[in-house]
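A.B. asks: Sequence:
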Amino acid sequence: LKEQSMDTETQVIPPERKPVTKNYGLGIFVNATMAIIAYLIGEALATHYLGYTIAGITIGILSSVLSLMYFGFNGLKDVPIAHRAIPLSFGTRIDSYELNEGRVWNWPAPIRDIEIVDVRERTLLIPLTEVLTNDNIPISMELSAQYRVINLYKFLSVADWPDPLREIIDSNVRIIVQDLEADTVAQEKENIPEQILRGFTTREGRIIQGVAGYALAQWGAEVIKIRIAPIRLPEELDMANARVQIQKVRI
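For the sequence shown, position 127 (counting from the first letter as 1) is numbered 1339 according to my numbering, and the numbering increases by one without interruption.
Keep in mind the hints are simulated off the structure, nothing from the lab. Each statement offered as a hint is correct.
Here are the computed lysine-lysine pairs in the PhoX-like style, where the Cα-Cα straight-line distance is at most 25 Å:
hint, residue 1, residue 2
1, Lys-1289, Lys-1234
2, Lys-1234, Lys-1366
3, Lys-1437, Lys-1366
4, Lys-1289, Lys-1366
5, Lys-1437, Lys-1401
Please work from the sequences and hints to get the whole structure.
C.D. replies: Pasting the structure below:
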C-alpha cells in the first residue's frame, strides 16, 4: 500500500481547471483561412500554366471546396454526453484546454486527434476483510467511493485506475481502525468517511492527508463521498454489544 502518499504535512495544490470549449471559433477561422489560401494557390497555378482566367477561378474554387471538406468535415468530432475530450497533437496531449460534449471541431488527422474521457460520477466498491482494531480484533467492512474526473490531463497520466484510489482508501481505513477499540468502531462509523476524505491525526500525532485533496491534486479525480456498509464484528463481540444495549434500555 502506498502509505507514503497519504502521510504528509505538505499543502496540496489542486490542479487548475482547464477551459472547456467546442472550438467552433477556431474552426471557422482555420477553415476560412485555409479556403482562401487554397483558392489563391489553385487560381495562381491554373492561370500560370493554362493561361485562362476562368479556368484559374474554377480551379481556385475547387481547391477551396476541397480544403473545406478536409479541414472542415474531417475536423468535426462527436463527444458523447457526460464526456469530455482532450486534444492530441501528433499523439501528444495538449494541456491548455478540453473539448466539451457534443459536436466539436479539432484539427483533422494526422495533425490532431482527441482522447475521450467519461466525466460522470462513478462508484468504486472497496471490500475490506481482516482489518485489525487497536485491541487486535479483526473486523470486516465494505466501503464505496463516489468520484468523477475533473482534470483530464492528470487523469490520463494514472496507470491502472482505479487501483491507486482503492489502495489509498484501504490504507486510510486501516490506519483509522487501528486507533479504535473494537467496541467503539460501530459508534465511530459516521465519522470514518469524513476522516478518509478530509484527513485526520493519529494517536501518535501523524497527520494523514485526506483522500479528497490528494486524489484531486495527483490524479485529477474529485472524490465526492465515502460510504460504509454495515460493519461486521466477530459474533462474540456482536453479542456482547447487544447485551450492553439491552442493559442500557433496562436502566
